[in-house]
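S.K.: Protein chains in written order, with this note's numbering: chain A, 1 to 755; chain B, 1 to 351; chain C, 1 to 165.
Just so you know, these hints were derived from the structure itself, not from any lab. Glycine included, C-beta positions come from ideal geometry on N, C-alpha and C. Certain hints may be false.
Covered by chain B, per the in silico footprint, the following chain A stretches (three or more residues, Cβ under 8 Å) [said to hold, decoys possible]:
{"no.": "1", "stretch": "623-631"}
{"no.": "2", "stretch": "664-672"}
Sample of chain B residues with no beta-carbon within 10 Å of chain A, all distances over it, derived [said to hold, decoys possible]:
{"no.": "3", "residue": "Gly23"}
{"no.": "4", "residue": "Arg46"}
{"no.": "5", "residue": "Pro54"}
{"no.": "6", "residue": "Gly182"}
{"no.": "7", "residue": "Gly197"}
{"no.": "8", "residue": "Ala219"}
{"no.": "9", "residue": "Glu253"}
{"no.": "10", "residue": "Leu276"}
{"no.": "11", "residue": "Gly283"}
{"no.": "12", "residue": "Pro286"}
{"no.": "13", "residue": "Arg293"}
Output of the computed footprint for chain C on chain A, the stretches with three or more beta carbons under 8 Å from beta carbons of chain C [what the hints assert, rightly or not]:
{"no.": "14", "stretch": "235-247"}
{"no.": "15", "stretch": "692-702"}
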Amino acid sequence: MSEIVLSATPAHLRHGSNIGQPLTRRDGILKVTGGARFAADNHPPGMLYAVLAVSSVARGRVAALDVAAAKAHPGIVEIMTSANKPPLALDPDAKTNPFMRRLELLQNDRVRYANQPIAVVIAETLEAATEGAALLSPRYEEEAPRVRLDAAESFVPPAVGVGHPSEAEIGDVETGLAGSLRRIEATYETPTQFHNPMEPHAIVAAWDGDALTVDTPSQGLAMAQARIAELFGIPAENVLVRSPFLGGGFGCKGLFTGPQVLGIMAARLVGRPVKLVLRREQMFGPVGHRAPTQQTLRLGTDADGALLGLSHHTRTASSTFDDFFEPASDVSHTLYASPAIRTSYEAVRLDTGTPTFMRAPGEASGSIALESAIDEMAEACGMDPLAFRLRNYAELEPISGKPFSSKALRACYAEGAERFGWKARPLRPREMRDASGLLVGWGVGTATFPALMFQGQARAVIRKDGTGIVETGAQDMGQGAWTALAQIAADGLGLSMEQMEFRSGASNLPDAGIAGGSAHTATAGMAVAGAGADAIAKLAALATGDERSALFGAGNAGVIARDGRLFRRDDESRSESYADILNRAALAEIEGRGSSAADPIAQANYAMHAHGAVFAEVKVDPELGQIRVTRLVGAFAAGRIINPRLVRSQYYGGMIWGVSFALHEHGEIDPRSGRPMNPNLGEYHVPVNADIPSIEAILVAEEDRHVNALGIKGVGEIAITGTAGAVANAVWHATGRRIRRFPITLERLTEPAPR
Amino acid sequence: MNRFDYVRPATFAEAIAAASEPGAAYLAGGTNLLDLMKGGIVRPGRLVDVSRLPGLGAIEWLADGGVRIGALVRNSDLAHDSEFARRFPAVAEALLSGASAQLRNMATVGGNLLQRTRCAHFYDVAGACNKRAPGAGCEARGGEARNAAVLGWSEHCIATHPSDFCVALVALDAVVEIAGQGGEYQVPLEDFHRLPGETPGQESVLEPGELIIAVRLPAQAASFSRHARYLKIRDRTSFAFAVASAAAALRIEQGAIAAARIALGGVAPKPWRARLAERALIGVGPDRTHFDRAAEAALADARPSGDNAFKIELARRIVARALALAAAGTPARLPALPGSPFSPVAGVLHV
Amino acid sequence: MSLSVLLSVNGVAREVALDDPRVTLLDLLRERLGLTGTKKGCDRGQCGACTVLVDGRRINSCLTLAASCDGARVLTIEGLAEEGALHPVQEAFIAHDGFQCGFCTPGQIMSAVGLILEGHAGDDPERIREGMSGNICRCGAYAGITAAILDAERRLAERNRAEAA
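Using the sequences and the hints, build the whole thing.
M.R.: Shown next, in the form of structure tokens:
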């Protein structure tokens, strides 16, 4: 039984029992029967198929397209090129805020990266459109591409991530390092990574005059709607974006992408509904990626292993035409106590698509470097890596000096270590083998992710039959919004799940904010709870002000909403059903509105982060170098858990992304052509089922009274952090080899050690 | 995918006639051909669907103890045929270490022999590849050569043959039966694939229209059943092509090696039989020193074709390990992770 | 060129006129027969999202020409539940949270049904993991998938025992 006390309406309580329950997914039956309708599953009457033609050079211009050859193919309806594209109301290269991408919408013949769209082929069938794109046989004027981190002069970016300063320092790091008894300096490299959700970007666009309906996966419905409206010069209310299910997002469906707009343009050009789905190889370019980094960490400690200085410098890259700088150093702001911390950045511009948010943007790349460096420092101090982390436990957020709103990291370390059996770990590497002679290694990493909130809105209705409706334009990309938000919504109205209809996933509902930054449950959840509170407050006012009600005069005492009834707070024998209250007032329904945003006062006073500890066991063939992560235990504290079943799945998914980061993912780009050489799921490796034989997540209890009234932090991204480093550290412990270039591949473990 | 004519002949003769036309290709399981067509790597003008041709789908046990595997037998059916797996466990293990269960349910024995390289530059249709376009050049040289060959390559092509199945087959002296307009003939698998030389586009001895109808394993191949393994090193635990692999089979009599069979995968333009290494083992004890020596012999001619020198030492170690695994004895049941170094070696052995 | 293909799809006989031999089984199901439960994740046999059963065997429908399926029995995710009752594998996927976004799920479930029919993995989790490695789940629901298959095998065995009794 959970109780929600909303600070906005202290007089009235709502009691619900849904929050905290491990309910199965409410969209489960749809998803296991094939009934969940993803964007590309739509097929309006008269629909045509559109396929992108993309550039095979990374820099230059399109000199010619064989439009005639493509048009000669049976079934081709139209070829959209820069010559005949419909006009736009806004320059695709305009950028008015950081939450938008500069887009390639056939505005000219320039090619800025490989796989950039250069034409759209529209046909009666998918087969015809696909072949038509091949028949365009583009010719290019090609210039030498720059695609490696060392390929261009670097500069200091004005900001990293979204508006984070590119330099920060407390204390004096050089003094701290100079005064250290032990020091390490190491450079770590992380590769280009591509999100590769299982569902490629897809859009079905249908115009009706100046009104537009699109089915497309979106992590930000309201932003997508606004972006489309401004590009086409139509009112936002003319644009309906439907995204009830996303086949994974991970950041690449956050900001509206060029291919999605091209689908809408194609529909406009031909005057019929159009479906455009990216081919898998087209996911390697126009929809964002995680930029590569080189990170240099310098750490120093005193004789007791206490950090005296921590410097984290990142070199990364953006595209030649837009800004997104992977904020990898920032993870060093919050995790380990040190009197002196400095983070800094430099960047280059490359002939690639623009990088973007990718699950734990910055934190993931930064964490694998920081957690590796912390392990190297622990080794230099001759300390157990967990003991070293505890020695440098931050009681206050190091960079700001603020107290944490809550931080159950000690419990995470303790519960994780206990479950994993960490205390049996030998200090030295290469000391454990299994019965088959495989090297065994154990590693630990600390997980951290900020507890963010965006702005969101919701609407709640109580109807005279006693049932409710709650609406918010949330996005479910697998994290479980359909279920978790409905749980909050039901409790917010004091109804059971069955008495309440939850509507979501479309842009004509109140803006729920973006599903990103691990902030969606907090943002949309607080809005939903607020809407429920508002509706209950109005209902309570009706009842307590009505002489005929059993609750008359209870306005000061307050009421409790539970199971579809209002109870007098100081005398629960006096109650009345929602239906009776509304019927007597002759109202069909009563409506409440809720909105949410981060509390600026709490933010000013507290550092807000989720935390965790991840323990990994790897086995490595001593001669052949093949690696397997045989056991993973993660313990995470992330405030109030709305649905432990779904949260555990989020942790598993994040941990598997951590394994993938450490051992698998690597976008291979040919420096001569600038083309991705593994743009497919056969060679761009992510873990398969056999890679994950044992995984456990412990949900460590944590109460947080400051992040928001529901006490929710985020869970979607944190588990990559910590895990990637834990795996890398376990590989070191198994083999004695410290690999600083990720992913760790088998030849790096079998090649002779560098002198 | 380009437009093509689709024909489904009823007889061999019809099939061979239909496929002898320029630009024609046989379609069986389709797992490789359709992938290549979707990528624009091949653009056949006619597909001759032989997947229903009669008489090619059987596993026949021959009077002399050998086996004749019809070209249309699916990989999974062969690997899970209990008699086949008992007699040729390394072949079954190789089959099950490849691709995914779905692909193994589709892929055919004949098609496996004809699968094309996974060289990234072969797939990169915007770049130069002598295999795709003779004389265009080889961008794998100086490019993404991690998966490239260290044996048998030429200046014109450094691509590897990706099959697991063929590695075990070539070790065990498999013979390919072929039908063409001139009738039927057979060729040892070892001679079936050609080295790239100056014509990397010509990957096998097949002439236009010729069709693989069966693969035979001789009775002698079954004499290795107690000591036969396939070992495959990969970048993930399953569903990945070999970085390098080896099939090893031993006949051990009175503590000494009476016969040895060794072949390597992922390191050469064809499944690579290591006969010198085999000879080095005759008459010696099944111990690590001799296995290492054999591994040296197997890679004696190896040289890097790019940034892949690591594969030479890795392949040596794989050969030595595969021999050690074979010497330890074939497991009674194929391991849960076929071909994987993460399959524990303990347990009941093959009898 | 027009081809006529006779198929049984989820138990319903269908005669399909194909104007184009390039149509794959996957695109036939999704774009021409309205059976969009089967998903296209890679279109190259590398992710397993398109897995369906053809004549009782799990295959990648993206690498299968519809024309070559003449006479075949095709079972897709839409045909798995019988008379409105979920198949035990479907039930178990929900119970064990064997999915998140749900996009790979139809392929995972059909692959799991195929794996159970094959009978090689039994109740060995390692063999199940290996046998399911042709189905990529980017959300990382593998633990739930493996647990669901073990559970579904138990449910199916119980059902078979009950039917036998």
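S.K.: Each of the hints needs a verdict: does it hold here or not?
M.R.: Structure-based check of each hint:
Remark: the stretch 623-631 of chain A is confirmed as covered by chain B, as 5 of its residues place a Cβ nearer than 8 Å to a Cβ of that chain, reaching the required three. By the rule of at least three residues with a Cβ nearer than 8 Å to a Cβ of chain B, the coverage given for the stretch 664-672 of chain A holds, with 4 such residues. No Cβ of chain A approaches the Cβ of Gly23/B within 10 Å, the least distance being about 16 Å, so the stated non-interface status holds. The beta carbon of Arg46/B is kept farther than 10 Å from every beta carbon of chain A, the shortest such distance being approximately 16 Å.
Residue-level check passed: Pro54/B sits 30 Å from the nearest beta carbon of chain A, beyond 10 Å. The non-interface label for Gly182/B is consistent with chain A: the shortest C-beta to C-beta separation is roughly 36 Å, beyond 10 Å. No Cβ of chain A comes within 10 Å of the Cβ of Gly197/B; the nearest lies about 25 Å off, and the non-interface call holds. No beta-carbon of chain A is positioned within 10 Å of the beta-carbon of Ala219/B; the least distance is around 33 Å.
With a closest Cβ-Cβ approach of about 27 Å to chain A, Glu253/B is found to remain outside the 10 Å limit, as its non-interface label requires. Its beta-carbon lying about 22 Å from the closest one in chain A, Leu276/B satisfies the requirement of being farther than 10 Å from that chain. Against the 10 Å criterion, Gly283/B stays outside the reach of chain A, whose nearest CB is about 26 Å from its own CB. Taking the minimum C-beta to C-beta distance to chain A, about 17 Å, the non-interface status of Pro286/B holds against the 10 Å cut.
No Cβ of chain A approaches the Cβ of Arg293/B within 10 Å, the least distance being about 16 Å, so the stated non-interface status holds. Figure legend: the stretch 235-247 of chain A, annotated as covered by chain C; annotation consistent (3 residues with Cβ-Cβ distances under 8 Å, at least 3 required). As drawn, the stretch 692-702 of chain A meets chain C at 3 residues by the rule of a beta-carbon pair under 8 Å; at three or more, the given contact holds.
Hint compliance for this structure: no hint is broken.
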